[in-house]
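One letter stands for each residue in the lines below.
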Amino acid sequence: MDATIAAIGPDGGEFDELRNSVRRWCAATIPPDWREQQRGADHHGYIEFQRWWRDRLAEAGYFIPHWPREWGGVEMSLPEQVVLYEELSRGDAPRLGITQVSVFNAAPAIIHAGSPAQKQRYLPAIASGEIWCQGFSEPNAGSDLAGLQTRAVRDGDHYVVNGQKIWTSMAREAEQCILLARTDLDAPKNKGISFFVMDMRSPGVEVRPIKNLVGDSEFCETFMTDVVIPAENLIGPEHGGWAVSQATLGSERAVALIGLAELLRRNGRDFLLTAAAAWTMPDGSPVLDDSAVREAIGGLYGEVEILRLVLTRMVTNLLHHGGAGPEASVVKIYYSELLQRLMRFASELHGPAGQLLRPGVSSSGWETHDFARDFIHSYSWTIGGGTNEIMRNIVGEQVLGLAREPRPEGARR
Amino acid sequence: MSAAGMSSIERAELCQTARRVLVDRAPMGRVRALLDDPLGHDPVLYADLVRLGWTGIHVPDASGGSDGLFADVAGVLTELGRAVTATPLVSSAIIAANALVLAPNTVAAATVVPRIVDGTLMATVAFAGPGGHCSAATVGPRWTAGADGGVVIDGEATFVLDAAAADVLVVFAAGEDGIIAAVVDRTDGGITVVPTATLDQTRRPATVRFDRVAVRSEGLLAGPVDGTGLLEATVDIGATAMALDSFGIAEVVVERTADYVKQRFQFGRSIGSFQAIKHRLADAVMLVETSRVAVDNAAAAIDLESPTPSSRERTIAVATAKAYVCDAAVTICGDSLQSHGGIGFTWEHDTHLYLKRAMLNQAMFGVSSWQRRRVADAVLGPIGQTGVNRAG
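Protein chains in written order, with my numbering: chain A, 1 to 413; chain B, 1 to 392.
Please keep in mind that the hints were generated in silico from the structure rather than gathered at the bench. Cβ atoms here follow ideal geometry from the backbone N, Cα and C, with glycine treated the same way. You may find that some hints are simply not true.
[Said to hold, decoys possible] Derived CB-CB ranges, DEER-like: (1) A:Arg-23 <-> B:Pro-195: 56 to 62 angstroms; (2) B:Thr-17 <-> A:Leu-213: 51 to 57 angstroms; (3) A:Arg-56 <-> B:Glu-313: 34 to 40 angstroms; (4) B:Pro-27 <-> A:Asp-270: 47 to 53 angstroms; (5) B:Gln-266 <-> A:Phe-223: 42 to 48 angstroms; (6) B:Asp-188 <-> A:Ala-292: 41 to 47 angstroms; (7) B:Gly-190 <-> A:Ala-292: 52 to 58 angstroms; (8) A:Asp-270 <-> B:Gly-189: 54 to 60 angstroms; (9) A:Arg-23 <-> B:Asp-177: 20 to 26 angstroms; (10) B:Gln-263 <-> A:Pro-352: 31 to 37 angstroms; (11) B:Gln-385 <-> A:Arg-39: 56 to 62 angstroms; (12) B:Asp-259 <-> A:Asp-144: 27 to 33 angstroms; (13) A:Gly-73 <-> B:His-349: 41 to 47 angstroms.
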């Protein structure tokens, strides 16, 4: 429905043109059989396809559409980005995973806190498709990220880093890593952290893939032993890395969520309705004639519409007031749990036939169309990006102003 | 204001005014004072609301209104829910006035609606059958052909909001040829109003009995061809009004609960610092924010779509909002009661006023299960006609 976009932007007609051109581009560019091609693709095949897809997006100006022209972007406005991501989802575009960190995490931090020299050094590389990874989480610092223990010790014109990171997606291919490491052991825990760019080819960096629960190796462990990072790679002030990392939750990511909402409608809900038309109950009757099933579908259908509306509202607020704020946490909880409920429902409804083991589809997130697998994969959304429990703390404390949970005695603040 | 409706700034100002007026003239003390009042509302407040123009916001200027959109008055309905205001404004100036304005017979709109707007008259809609359910399948009153093209109405309509306060009834009746709508005076011979005591005492529903009530042809609002469409449009307006009312309740109850758990201390800390409490309130915030867009969408759908017959888009938007938001409000009120603990279980505490009103909103104009099935019917087609081909 284009009416919502008109509600965001000042002029609906202007966006119709962009919408049509993205639509034409999708039809001409996206291989209709990419899902079959990517089903069961090995890591090499996945990376190759991802690089090909990134190059297509870059040619069209869709890779870093929101960036300033001086850095290689096309300066798309927020409403234009909404249209772009909606149409990419509508066209069943593959997901671009390899540059997720470089574009949505590293670049905003560098733009926000980097020096002119650092921008000059890193942004053109990111714009040309360099792969980055993110070294934030550690085995003992997940939800309590500020409790991270990787240390960086200053030694003249460089730092020496020792420690271990986990869930570092794309670490094998990445050329650079945005790294949080402790530089002051005595300060309160989020005051003693610095934000670095670490060259992944540095001596002492070792990467081991982690096989996830559906059998893919989408992320890694990264070990650092006496890794030397030049002091010029420090982003923002020394010990000021926590603030830099928090600033990377930019509006662009919120806008990209619009694409996910569209994906949930098309690849989640609407695909389910088409597929379920062929499914039966154990007694042979069509599942879609069952009144309990119909009531559940009626509810889920509306809730998926609400997701799109609430995201549109968030983007409108971004446009008028800037900053997604803690409301983004509300949307994250709602999206991930709705996705999970929808997939669980579809998986249950499909019955034994839905339990078949088939190779996954690379370049696809949860939307492989195998609902049981997609249900399992949906937990990456309720855990990743801040667990939903942490999100609920944020909503309670930052939206409603409730008191924080007291820390146990002796725990570092 | 123009035919295109108010600007978002004007709407926000209207809501601010509404909140201020209701806090000032219909505070909780007044709400409580009216709980056992036979009339059930404050005529002085009603006159104030008329003077503020709220009875005519969504009424065409030809009928004496301000020619605004339904979305313009939506914020006022939310504020009435927020303040749990006892007022016939919704039953008369929103639901009944809409039915009269949309009716094919324009005479009634020209004569009755201006008087609803100027406050000299109140109207309400009567149609629910036994059990209070309302849809084209469960219309209570029955009609048969009368003299000179008129009809005769018999039977009973239940859960007629503010019937005792109403001067005029818009009655829907089922007959062999279909559903008709007629306008009658509440004091006409053969009409009896019996108040219904509900758990929610901020509203005044009643059962209206019709005993051979003759309606002349001028009083017919819609004949059997148009009656069902008018009924569906009326149910959709009513359902959206209930959702807006429930949204107001949900919003204020979250605020009140957050305030309470900040100042209630146990184990040496505010109970809001416990995650069991905090996370439940975070869920409530999520329900409020998603409900906000759902009611806005339903109100916009009422304005966008041709009012009769019910379109697919309007059905999905309205039914989703009614089910989702009314359920959310009951959940939020119930969770609020739980978070308040023992004090929330008392008559003295306001929690029950919100909860009971949210429950009545959930029950009227189509329960949630039925609304979700309406969405499914709109999306999948009627039962028995979908999936069969390929499943065969």
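Taking 56 to 62 angstroms as the stated bounds, is the beta-carbon spacing between Arg-23 (chain A) and Pro-195 (chain B) within them? Distance hint for Arg-23 (chain A), Pro-195 (chain B) holds at roughly 59 angstroms.
Cβ distance range 20 to 26 angstroms for Arg-23 (chain A) and Asp-177 (chain B), holds or violated: 49 angstroms, violated
Pro-27 (chain B) versus Asp-270 (chain A) beta-carbon gap, inside 47 to 53 angstroms or not: The hint (47 to 53 angstroms, Cβ to Cβ) holds, given that Pro-27 (chain B) and Asp-270 (chain A) are roughly 48 angstroms apart.
Does the hinted range 27 to 33 angstroms hold for Asp-259 (chain B) and Asp-144 (chain A) at CB? Holds, since Asp-259 (chain B) and Asp-144 (chain A) (Cβ atoms, about 29 angstroms apart) stay within the stated range.
Within 52 to 58 angstroms or not, the Cβ separation of Gly-190 (chain B) and Ala-292 (chain A)? 44 angstroms, violated
Between Gln-385 (chain B) and Arg-39 (chain A), does the C-beta distance stay in 56 to 62 angstroms? The hint (56 to 62 angstroms, Cβ to Cβ) is violated, given that Gln-385 (chain B) and Arg-39 (chain A) are roughly 34 angstroms apart.
Using the beta carbons of Asp-270 (chain A) and Gly-189 (chain B), state whether their distance is inside 54 to 60 angstroms or not. Between Asp-270 (chain A) and Gly-189 (chain B), where Cβ atoms are some 56 angstroms apart, the hint holds.
With 34 to 40 angstroms as the target window, see if Arg-56 (chain A) and Glu-313 (chain B) comply at their CB atoms. Holds - the Cβ-Cβ distance for Arg-56 (chain A) and Glu-313 (chain B), about 35 angstroms, lies within 34 to 40 angstroms.
Given the hint of 31 to 37 angstroms, is the C-beta distance from Gln-263 (chain B) to Pro-352 (chain A) inside that range or not? With a Cβ separation near 54 angstroms, Gln-263 (chain B) and Pro-352 (chain A) fall outside 31 to 37 angstroms, so the hint is violated.
Between the beta carbons of Thr-17 (chain B) and Leu-213 (chain A), is the distance compatible with 51 to 57 angstroms? 55 angstroms, holds
Taking the beta carbons of Gly-73 (chain A) and His-349 (chain B), is their distance inside 41 to 47 angstroms? This hint is violated: roughly 56 angstroms between Cβ atoms.
So the hint says 41 to 47 angstroms: do the beta-carbon atoms of Asp-188 (chain B) and Ala-292 (chain A) match that? 45 angstroms, holds
When the structure is compared with the earlier hints, violations turn up for hints 7, 9, 10, 11, 13 and for no others.
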